[in-house]
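Letter by letter, the chains look like this.
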Amino acid sequence: MEGAPQLNSDSWVDQYGDALFRFAVARVKSREIAEDLVQETFLAAVQSQNRFKGLSSEKTWLFGILKHKVIDHCRKTKSTIHTQDILDDPDNLEAFFNAKGGWQISPAHWSTNPGKTQEIKEFLDHFYRCLSGLPQRTADAFVFREVDGLSTEEICKLLDITAANCWVLLYRARMLLRKCLEFVGFGRPQEGSKK
Amino acid sequence: MKHWMFRCKDVSQKVSQSMDASLPYHHHLAIRVHLLMCRYCSRFRRQLLMLRKMSRYVDSDPSGGEMTSELSIETKERIKERLRALQ
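Line by line, the protein sequences are chains U and R.
Heads up: the first sequence begins at 18 in our numbering, then just goes up one per residue.
Heads up: the second sequence begins at 2 in our numbering, then just goes up one per residue.
Bear in mind the hints are in silico, worked out from the structure with no lab data behind them.
Remember, it's a predicted structure, so these values are computed and weren't measured experimentally.
The reader is advised that the hints may include incorrect statements.
Far from chain U, some chain R residues (derived; all Cβ distances over 12 Å) [what the hints assert, rightly or not]:
id	residue
1	V12
2	P25
3	H27
4	L30
5	R33
6	V34
7	C39
8	T76
Pair by pair, the computed Cβ-Cβ distance ranges are [claimed, not checked]:
id	chain 1	residue 1	chain 2	residue 2	range
9	R	S19	U	Q101	20 to 30 Å
10	R	E78	U	Q64	12 to 22 Å
11	U	E171	R	L50	13 to 23 Å
12	R	L50	U	Q64	48 to 58 Å
13	U	K133	R	Q88	38 to 48 Å
14	R	S73	U	D177	38 to 48 Å
15	R	H27	U	K93	17 to 27 Å
16	U	A116	R	S19	17 to 27 Å
17	U	Q66	R	K54	24 to 34 Å
18	R	S23	U	K46	38 to 48 Å
Heads up, simulated BS3-like pairs for lysine-lysine below, C-alpha to C-alpha not over 25 Å straight-line [stated by the list, open to error]:
id	chain 1	residue 1	chain 2	residue 2
19	R	K10	U	K174
20	U	K46	U	K117
21	R	K77	U	K196
22	R	K15	U	K117
23	U	K76	R	K15
Using N, Cα and C, we set each Cβ at its ideal position, and we do this for glycine too.
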């Protein structure tokens, strides 16, 4: 007889397995690796189910775990675009601006409402290659905030930093990510964008 | 009148911060004014919103592509076995 409330992991696999798998396989380009990542995601979810706060949906929560796994995987592969490959000095955000505090290179116009699946796929491919190439703590702060939706306070505790440090990390992550995405060609030059 | 209001460098920091915390009203207002006048900082802001949107994206194309498909029945069973063993 089973007294403890039974987590229905079978139904998780049936309900979310394919969606997680498709997301993973699109990023890592290998069925086997994607299967492994999905399995690891479910294992991690079962082990940490008491940390699921129910603030997000189960699906969002499972995808969050998978995204961490995808980023970890990308870090080990050659597809990662390292920040130092596109910037001489990634720590120097001053270089993004001229002496007067204006943009050194104007931000490009991005299609911010990609309707087509192909557009989203392309964006996400570049996005994860860039994200996995950020310095670890910078990437961590970004993922905690944007993927996991944690508050600044929660991130401060996890990374043992002050709120001001957290904002600096998040700012750096965003600046480097958008730079990286433009480096790989996201956002077309618009006419009259530089005068 | 604070000088930073007019500099893209400072506005970019504040725009980023505004995504994680609420800013004092006068900062908020100064940013709004700057964004109205500066297409590049407006683009920057939209880029940050796009990064957020794509970070939270949780779906995938169910329709195809040679590798885009489903987990096999065998794989699903294997994963279920592993999960049951954990519980």
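We went through each hint and held it up to the structure:
1. V12: 9 Å, violated
2. P25: 14 Å, holds
3. H27: 18 Å, holds
4. L30: It holds; L30 (chain R) is separated from chain U by about 19 Å at its closest Cβ, greater than 12 Å.
5. R33: 18 Å, holds
6. V34: 16 Å, holds
7. C39: 9 Å, violated
8. T76: 5 Å, violated
9. R:S19 x U:Q101: 20 to 30 Å: 29 Å, holds
10. R:E78 x U:Q64: 12 to 22 Å: With Cβ atoms ~20 Å apart, the hint holds.
11. U:E171 x R:L50: 13 to 23 Å: 21 Å, holds
12. R:L50 x U:Q64: 48 to 58 Å: 34 Å, violated
13. U:K133 x R:Q88: 38 to 48 Å: 41 Å, holds
14. R:S73 x U:D177: 38 to 48 Å: Holds: the Cβ-Cβ distance is about 43 Å, inside 38 to 48 Å.
15. R:H27 x U:K93: 17 to 27 Å: 47 Å, violated
16. U:A116 x R:S19: 17 to 27 Å: 25 Å, holds
17. U:Q66 x R:K54: 24 to 34 Å: Between Q66 (chain U) and K54 (chain R), where Cβ atoms are some 28 Å apart, the hint holds.
18. R:S23 x U:K46: 38 to 48 Å: 41 Å, holds
19. R:K10 x U:K174: 28 Å, violated
20. U:K46 x U:K117: 44 Å, violated
21. R:K77 x U:K196: 39 Å, violated
22. R:K15 x U:K117: Given pair K15 (chain R), K117 (chain U) holds - Cα atoms ~17 Å apart, limit 25 Å.
23. U:K76 x R:K15: 32 Å, violated
Taken one by one, the earlier hints fail for this structure at numbers 1, 7, 8, 12, 15, 19, 20, 21, 23, listed in ascending order.
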